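Please put together the full structure from these sequences, using the hints given.
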Amino acid sequence: MAAGPRRTEATPAADTAGVQPEYPRRVPLDQCPFDRTGARECRVHWRHLMIEAAAYDTFQNAGNIYSGYWYRWETSHGKWMDRWFDSVLGWRWKSWSDNNPWMDDYVGHPMMGSITNYIWIQNDPKGMTLEFSNTAPYWKSRFRAMAFSNAFSLQWKFGPFGEAAIGHNGDHFFYDKGVLTNETGWVELVTTPVGGLGWTIAEDVIDKHLRRIEQKSHKPLTLLALSFLTPSRATANILRFRPPWYRDAYAVKADSFWSDPPGRPSTGTRSTGSRPAEEIAPGDVVASSARTAVGVERASVASVPEWPRYGGVHEFGAWWGFSVVSGQLWGSATSIRYMPIDLNYSYLLNPQSRRWAFRYDPELTALAMLDEPNPGGKDRYSQRTRSYGAGISPVGFRASFLPEHRLQPFLSTHGGLLGFESPVLALHASQFLYTVDFGGGLTIFRKARQSVAAGYRYQHLAAANGYSSTDANTFYFQVSRYRTKGYR
1 MAAGPRRTEA TPAADTAGVQ PEYPRRVPLD QCPFDRTGAR ECRVHWRHLM
51 IEAAAYDTFQ NAGNIYSGYW YRWETSHGKW MDRWFDSVLG WRWKSWSDNN
101 PWMDDYVGHP MMGSITNYIW IQNDPKGMTL EFSNTAPYWK SRFRAMAFSN
151 AFSLQWKFGP FGEAAIGHNG DHFFYDKGVL TNETGWVELV TTPVGGLGWT
201 IAEDVIDKHL RRIEQKSHKP LTLLALSFLT PSRATANILR FRPPWYRDAY
251 AVKADSFWSD PPGRPSTGTR STGSRPAEEI APGDVVASSA RTAVGVERAS
301 VASVPEWPRY GGVHEFGAWW GFSVVSGQLW GSATSIRYMP IDLNYSYLLN
351 PQSRRWAFRY DPELTALAML DEPNPGGKDR YSQRTRSYGA GISPVGFRAS
401 FLPEHRLQPF LSTHGGLLGF ESPVLALHAS QFLYTVDFGG GLTIFRKARQ
451 SVAAGYRYQH LAAANGYSST DANTFYFQVS RYRTKGYR
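Going by this note's numbering, the letters in the sequence shown line up with residues 1 to 488, in that order.
Source of the hints: derived by calculation from the structure; they are not laboratory data.
Don't take every hint at face value.
With a Cα cut of at most 25 Å, we get these calculated BS3-like pairs of lysine-lysine [stated by the list, open to error]:
(1) K447 x K485
(2) K140 x K126
(3) K219 x K208
(4) K177 x K94
(5) K219 x K253
Cβ pair distances, simulated, as ranges [what the hints assert, rightly or not]:
(6) A62 x N134: 24 to 30 Å
(7) W96 x A448: 50 to 56 Å
(8) R211 x F401: 44 to 50 Å
Remember, predicted model here, so these are calculated numbers, not experimental data.
We put the beta carbon where it would ideally sit given N, CA and C, even for glycine.
Here's what the structure looks like:
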């Protein structure tokens, strides 16, 4: 007699509600280069990739606008659409040289290509943890990065957010040092992706040898100095709001007040949420909160109190501003263009107040550009001159309101001194300017200890010998980080 189907007795565990299904394990990050399943965690982070690429494109355009009066003039005159099309159609496809300096073509463009390579690499799990090696996964990763770099370069030269549309590079010829040119040619289309790949490989080789050094605890200044050996990767890290020495493949230990939260154990275990520690494989993908802002893996710090409001006692920030219209409240010199890049540190003077935050806010002007008319200019390209300088504003205060809210309006005032490479604002004026400003703006906290701010300052710049002065209507953008000793 044939046996019928075997009956399986139900077990108490099977009948119990709330039985947890067995979920597949996540692919560890260091195994993504070898993944063949199309795992979600191994796919390109397109959103962050586009944001970082847009930030880099904006940075390059801002640099051109910052440093070139005629770049600004060409952008703002004529019919924009017609001049953009003329710039693309006017490209010299039969010329290799673009008549730019050798350093621009064979150093600057390869570095640009390498930076965009690393923007791709740090958003591609199949390549972000790979060191230099003669293996298929490494070369596939770097050639994918090169394809992205080439696309970025083509947009930069021909697209609506590049030099053809902003600056209209290529739509007309002019004489530069006796050579008739429109500054276009094949060289910049080739050296950016090809030279960029070579630059990236060279930095990968250097980084492979630096790993033994970086894994030991160092002061931030030491790590910053080491970052100059890999400048493209450092720049790409900054574009994702990471320190220059950050690495995806391993932890870089920075020994400073700004690095680890207080109470961090020396063992450096990972914080992985609800998953048991024994289930975490080496290299597993973990939440972004498991790393600190300087690339150090952080442990559980539940015993350390958290600062109860947005921001903190100590702030370190940087801002870039521009003024294209001179004011007339106090200054006499007109048609002045002023563009500063500043670093600032601020200290919260009333930490107990819940109504407003009053900060001592000194600043260091790392670079200032002043563009003014040149009456002795013989042609349109010499009718204006630029001078570069730096300075400090030891007197500075900022009052922020609604300190417990994500959006915080503020008022500010500063005073200091600027020094320039040559006399400014008048033929016999001084190289030094006194500065006084007042203004306001809005701080937006993207995270509890990170913020961005947009503001306006009315800045009075007066020559030290009293010959002349000008007023600048400066609009600026700032990013900041915060820490409080003894708190997270």
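Hints, one by one, checked against the model:
no., hint, verdict
1, K447 x K485, "holds (18 Å)"
2, K140 x K126, "holds (9 Å)"
3, K219 x K208, "holds (20 Å)"
4, K177 x K94, "holds (21 Å)"
5, K219 x K253, "holds (9 Å)"
6, A62 x N134: 24 to 30 Å, "violated (39 Å)"
7, W96 x A448: 50 to 56 Å, "holds (53 Å)"
8, R211 x F401: 44 to 50 Å, "holds (47 Å)"
Violated hint: 6 only; the structure is consistent with all others.
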